[in-house]
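Trainee: Those protein sequences? They're chains U and F, same order as listed. Position 160, counted from 1, in the first sequence is what the working numbering calls 160; the numbers after and before it change by one each time, with no gaps. Here the working numbering = 1-based position in the second sequence + 1000.
What the hints contain is simulated information worked out from the structure, not anything from laboratory work. Note that CB positions come from ideal geometry on N, CA and C, so glycine has one too. Please note: incorrect hints may appear among the correct ones.
[Claimed, not checked] Just a few of them, taken from the derived set where beta-carbon distance is under 10 Å, the chain U residues facing chain F:
| no. | residue |
| --- | --- |
| 1 | Ile67 |
| 2 | Ala247 |
| 3 | Phe248 |
| 4 | His251 |
| 5 | Ser252 |
| 6 | Leu262 |
| 7 | Asp267 |
| 8 | Ile293 |
| 9 | Glu296 |
| 10 | Tyr297 |
| 11 | Phe303 |
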Amino acid sequence: MNSLNNSELDSIKTDLFKNYKVSGYDEALNENSKVRLSYKKFLNWFKDQEYSDLSKKHLDANKLFKITGITFNVYGNKQDREKLIPFDMVPRIISAKEWQKVEKGVSQRIRAINSFLNDIYHSQEIIKSNILPLELVYNNPAFLFQMIGFRPPNNIYNHISGIDLIKTKGSEFFVLEDNVRVPSGISYMMKNRDIMINLFPELFSKLSIKNSKLYPLNLSKMLKKSSSSNKKNPVVAILTPGVNNSAFFEHSYLADQMGVELVEGIDLSVIKGYLAMRTIDGWKNIDVLYRRIDDEYIDPLWFKEDSLLGVPGLMDVYRKGNITIANAPGTGIADDKAIYSYVPEMIKFYLGEQPILKNIETYRCSDSQSLKYVIGNIKELVVKEVHGSGGYGMLIGPFATSNEINSFKKKILANPKKYIAQPTLSLSTCPIFTKTGLVPRHVDLRPFALLSKDEVYVTPGGLTRVALKKGSLVVNSSQGGGTKDTWVIDS
Amino acid sequence: MLGNTADSIFWMFRYLERAEHASRLIETGFQLFLTSKENIKSEWKSILKTSGSENYYYQNNEQIDSITVIKFILKEPSNPNNILTLLEKARNNAKKSRVSLTKEVWEATNSCWLDMNQMLKKNIYDKDVQNILFQLREKIALIIGYLNNTMLRNEILYFSYLGTYIERFDNTARILDVRHFLFLPNTMIRNDIIGETQWEAILRSLSAYRAYMWQNQNELSAINISNFLLFDEKMPRSLKFSLDQILNYIKLLKKNKVKDSVSFNLGLSIQSKLVSRKKNYNYDFGLHNYLDRLIKSNIKLGNLIEEEFNFHR
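Kindly produce the complete structure, drawing on both the sequences and the hints.
Mentor: Structure, rendered in structure tokens:
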């Protein structure tokens, strides 16, 4: 495809970008409002499309999502429980060169996290070396004393990770958050690709877009490899909390794609020291359990005793080495928001390497200096609960009312260890499709990574979440965010 | 295959079959409503009785009125077996065992539910009924079509057929049972309720009118109709056909262990009960008792299948 000369670029801009006002870093336009190299081929094609056709395709796309049943459940809303995550059809495009760095950085980070988990449940060198304070670990509910001294199969804890990345002022990606408990969103990444191929096959034949659909294959390979059994073909199952869980669609999608059973607690029982599922021909043993429920629910004998989601005795099977649980119980300690701030140190400590991806500057309120700073500058900061997730329990200083700020200040002072703060970041923007043309909206990126004993697989691209409201920085689906396809292309 | 999955597949298809059956009941009633108004009330009463929802109807309605009955069967929340609820139950079972269904079967099921919801949400008038029923049956046919053409020939498919035929056996038996008086000896039938229209209605509500007429030289007679619906081996809604299918799929599931299968053995005994009537057929006293026993045995068979294949803990 010919690259665009300047006059063509200007014509793209007048038509498509007439309502587009760049402030901060934009993925499609540079600081002089010129189209970036990575977007040129796409926009060159895009400008030749009839806008009415595109509008129709946009509707089609959201209809397709509804028919395929790609929904998530909203808790506490009885009327309309199943919601669609709004889909935007303008892809987020990352150049292959830029991606290389992300891939290496993510891989490095999850290896360091796994080393940390091995360490923290065994000799705790990182604490002995005074890098990480003991109380940060021991006072953390995600740290499972039951896991101390236990070696999971192949020494792997975080088999599956999702690392949240953002750009702020410049082109560099920063790590916002690590998700190593039960990261979700992968099904949207794959479905977004399906829908894009369905809507615009011509783009996929013309451009060389990296294939993001190999994830289930790699997941299945990794899970089988993680088994400690000698079976040639270990039995894998996905454990879901059930059809009413917000991510049920994803659980069934992954089971479908991998060709494994999707099980619930009621299907399972411990039989003769093994975990077994109830089939039409009787009980059948499971070797690898990819659980999509939190630690505290997996075994009522060991954790929450009223949990009906898990299996009584599962942890005993695990401790006997008769099953692999992915991710390993106790992994959650590593994605705690306070522990997060130590990951760069972990990379140096365990791998002897310099971090490839940087962290966002983070103030730990447990530290009295930082606490003072946070209280004094709360209007400019984002304050997060250390154990919160999904965008709940956070304060965005610049957008908060003085009432909200005062009540949050009280909460922080009452229990400073529970909070961290970060500067208010202007996330980078990306074009989204609207009736009146393209407009910029804030995005983040969640690549997924799979760790097995001999390799790390990082999805090319990942899930791009986008805040659909003008100026909004909250991309979480539970708070009205949408998603778009993510392309890694050779430009 | 998980017992739990077998459970949801089995019931998904029971609900779909039940919904389709209910749509055929409405269609039959609606045809009578358009063509012969004399007996329409007793016909709607029979229909409500067949679908087992007569009591629920009278909780909120004093009178039988065609469009009220139709709405009641289609979507009235006070009717636990309204078509919309049945479709929702089928769809939720499909969602639960989404992994076991092909993309085609799942999407057809999901669309059926989404579209019918949309359509039935509006107020319904006489002029809409035919289109609604047509759409509904086409959408269900699409699910069944995809089931037949895209699914592997394995246990999952067998359980979907088991659900279908257990339900169908029940539905056909009930249609006959509710109108068993139509099969009494001629001398005992009150002239005002008999009519060829009623026999025709029975056949039509089982989509069997043309098939019957083909086989019986366009002649309606009590004995031929009951033989056709009870014993015909080629008629896909007869009791004999449904039971043969049930036995066949249990056999495929149990393979060489079929002789020890409790559900298979109960199926065999229902079969001999069913055909015994064919041999010593001395006109139609006792049709009601006979059908009643068959319906109860079939319910038991459904329960035994659930037990034998570990549907529940």
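Trainee: Against each hint, give a clear statement of whether it holds in the structure.
Mentor: We went through each hint and held it up to the structure:
For U/Ile67, the shortest C-beta to C-beta distance to chain F is roughly 5 Å, which falls under 10 Å, so the interface hint holds. At a threshold of 10 Å, the smallest CB-CB gap from U/Ala247 to chain F is about 13 Å, leaving the interface hint violated. Nearest Cβ of chain F to the Cβ of U/Phe248: about 8 Å, under the 10 Å cut. The hint holds. Annotation: U/His251 was flagged as interfacial toward chain F, and the flag holds, the nearest CB pair being 9 Å apart, inside 10 Å.
A hinted interface residue such as U/Ser252 counts as satisfied when its beta carbon comes closer than 10 Å to some beta carbon of chain F; here the least separation is about 4 Å, so the hint holds. Hint status for U/Leu262 relative to chain F: holds, with the closest Cβ pair at about 5 Å, below 10 Å. For U/Asp267, the shortest C-beta to C-beta distance to chain F is roughly 5 Å, which falls under 10 Å, so the interface hint holds. With its C-beta approaching chain F no nearer than about 16 Å, U/Ile293 sits outside the 10 Å limit, and its interface hint is violated.
A cut of 10 Å between beta carbons decides the hint on U/Glu296: the least distance to chain F is about 23 Å, and the hint is violated. For the restraint placing U/Tyr297 at the interface with chain F, the shortest Cβ-Cβ distance is roughly 18 Å, beyond the 10 Å limit, so the hint is violated. With 10 Å as the threshold, the beta carbon of U/Phe303 stays out of range of chain F, its nearest partner Cβ sitting at about 22 Å, so the hint is violated.
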